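**Q** Chain residues, written in single-letter form:
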Amino acid sequence: MPATRERSQHNFYGNIAGRTNDPSVRGNHGRGIEKSFLFFQLGCPSPLDCLALYLPRLDDIRYRGSEKNRQSGGPI
Amino acid sequence: MDVEMQIPTEGAKELDLFMPVWTPGSYLVREYSRNIIKIEAEDSEGRDLDIVKTGKNRWHLDSGDGETVSVRYRLFCREINVRANWVESDFAVINGAPTFLSVVDDFQRPYVVTVELPEGWERTCSPLDPAGAKDRYLAPDYDTLVDSPLVAGSPQVDRFEVDGVSHFLVTLGGGDVWDNPRAARNVQHLVEAQRDFWGHLPYEKPYYFFNLLTGSRGGLEHRQSLVMTADRWYSKNRGGIRSWLSLVSHEFFHVWNGKRLRPVELGPFEYEHENYCPSLWVVEGITSYYQHVLLARAGYNTNDQYLGALSGSIAGTQRTPGRLVQSLSESSFDAWIKAYRRDENSVNALFSYYSGGAVAGFLIDAEIQRVSSGKASLDDVLREAYRRFSGEHGYTESEFISLASEVAGENLGPWFNRLVRQPGDFDYQPALDWFGLEFEKPKSSTNSGFFPVPEEPVDNPKGWLGASTSGSGGIVTVTSVPSNTPAAAAGLCVDDEIIAIDRSRVDEKQLKRIVGLLGPGKEVEVLVSRRGLLRTLKVTLGEEPRETWRLRFRSDMSDEQKARVGKWLGSDGGNQMN
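The listed protein sequences correspond, in order, to chains A and B.
Heads up: the first sequence begins at 15 in this note's numbering, then just goes up one per residue.
Heads up: the second sequence begins at 215 in this note's numbering, then just goes up one per residue.
By construction, these hints were calculated from the structure, which means they are not laboratory data.
Warning: the hint list may mix true and false statements.
[To be verified] Not the full set, but computed from the structure, chain B residues with beta-carbon under 8 angstroms of chain A:
id : residue
1  : PHE314
2  : PRO324
3  : GLU722
[Unchecked claim] 25 angstroms max Cα-Cα, derived SDA-like pairs, lysine to any residue:
id : chain 1 : residue 1 : chain 2 : residue 2
4  : B       : LYS267    : A       : GLY57
5  : B       : LYS723    : B       : THR691
6  : B       : LYS267    : A       : GLN55
7  : B       : LYS252    : B       : GLU486
8  : B       : LYS419    : A       : GLN55
Predicted model, so just to flag it, every value in this text is computed and none were measured.
Glycine residues also receive a C-beta, built at the ideal position from the N, C-alpha and C atoms.
Can you make the complete structure from the sequences, with help from the hints?
**A** If you want it as structure tokens, here you go:
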């Protein structure tokens, strides 16, 4: 194994809901400072939600328009 | 896309949040926070918390006494490229920087990301560590979180192994056209070739190739993945596959050059401001050089095909007056305001650290070989640079140049200063002599056989304006006016509509034809419409430059030169194609 290989990633499963003071976690800057996990939840919307997200943007563009469209005064 | 973040307060009564304004690898402030439609916060008891915007990408909230606060926001996701987000009816492409807020001055912490998929979506793919549940991932720190794109939906996924490490080619948009298993076999061969170049794969975790077949062409490197956009029809012939592989080759080379071997300025990243770096000519230029060299060594390019790619970069360089006013080092530093913000004058003010850097890579490689009498090459510099600088610190531009001198066994500092730190023309001759190359002789630029004019000699050279134009519906519009051309000398401007030459009405085809026939040295009147007002410009036509900058092997190559080319590009194959 070449020396330049990265260290193996640790298995965090058992620690997932808690905190880590593992100094090898780069977020700890190697100092072993205990940091809590920050949790994200991403909700990809359903197709209907997606549509709802998209339409307001179109309206927005139509209403305000790009610089060019504002000059011409027409919808895109 | 809806995002909910649960932030541990760790006793803090107030929190300041930020969103990155750019993403590493793409050097432009993109103001990702403009895509946040609505943001709100509540404490652990479900009580609303005031969240106040304090800057274009910052928010402040009083977090109360709870151990956690929740922040929810909705993101507009309709930009399908390698650095933004896209969500539609059956798939999503999610990048880190345009998605994840964090806590100001306290963002380097572990993160857990869970994706809730709509019904019918099969899976997510991410280079992040799995976190014990489907579609749940762990990032050990913010840099890794931001550096880890995620694809959701039902992509085509093909897996292969190199050195016991799994690699996944994850393709969206292939339709019935794209042959993903075949593409994966070719990527595997390329990965092995690059592994051989560097001597090892620098990772043990799975690596992901995210292949978005949108029709456009682009790529962005990450430590454990790459994202590229391409054309699904590339799959249909050898030239297309070769073109697609050259993109893979470029982005995968960044596994080493860029993501692990990096300039000091590119890590740790400052996500809220520009990160200025003079060495993008190393990161991107030398990578652009090797993307084609390694395709040749892997057997995908014949030597002539390789020379074609290099010739294209040289021609681009020589036809860019910007090379005379901006050095590669300056181009790197100013990427934020010039290379990524091109305008109609970029051809005169900008020297691309990509194509110009690729040509510089070729010249550096040849020079190191030349001064070391073939004992060393740029290959050796990169491998030694990786050994020394791929740790926490990175390299300065001067350290990289010093290392090149050290490997070459001669002080190349002044030579490098002229090459990358001063604007001006490159000196190609030493490199051409080293490899036994020459530029093809200029082709004649005459009107012979083009449009016979009885009273003129048939070999009269063609006239030339030097401006670039576009034509539509018979209207000719100037799109670019390079400096040092007849068009620039006469004051022709971008967006001028060219109506007539010497009182003859022209469309785009006629313009080229008539200017050619009138010949160099002829003073003509060019009628233009500029912002709706007619004006006449007097232009003295020049002679079209004849150089093609097309490289070829000299017919009298010595055995030594042939041996050098063999070492440089490998055996002249070009038949590798799975």
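**Q** The structure should be examined with respect to each hint, and the outcome stated for every one.
**A** These are the hints, each one checked on the structure:
1. PHE314: 6 angstroms, holds
2. PRO324: Since the shortest Cβ distance to chain A is 5 angstroms, the answer is holds.
3. GLU722: 23 angstroms, violated
4. LYS267(B) x GLY57(A): Roughly 23 angstroms between the alpha carbons, so the hint for LYS267(B) and GLY57(A) holds.
5. LYS723(B) x THR691(B): 12 angstroms, holds
6. LYS267(B) x GLN55(A): Holds: LYS267(B) and GLN55(A) sit about 22 angstroms apart, inside 25 angstroms.
7. LYS252(B) x GLU486(B): Given that 25 angstroms is the threshold and the Cα spacing comes to 20 angstroms, the pair holds.
8. LYS419(B) x GLN55(A): 24 angstroms, holds
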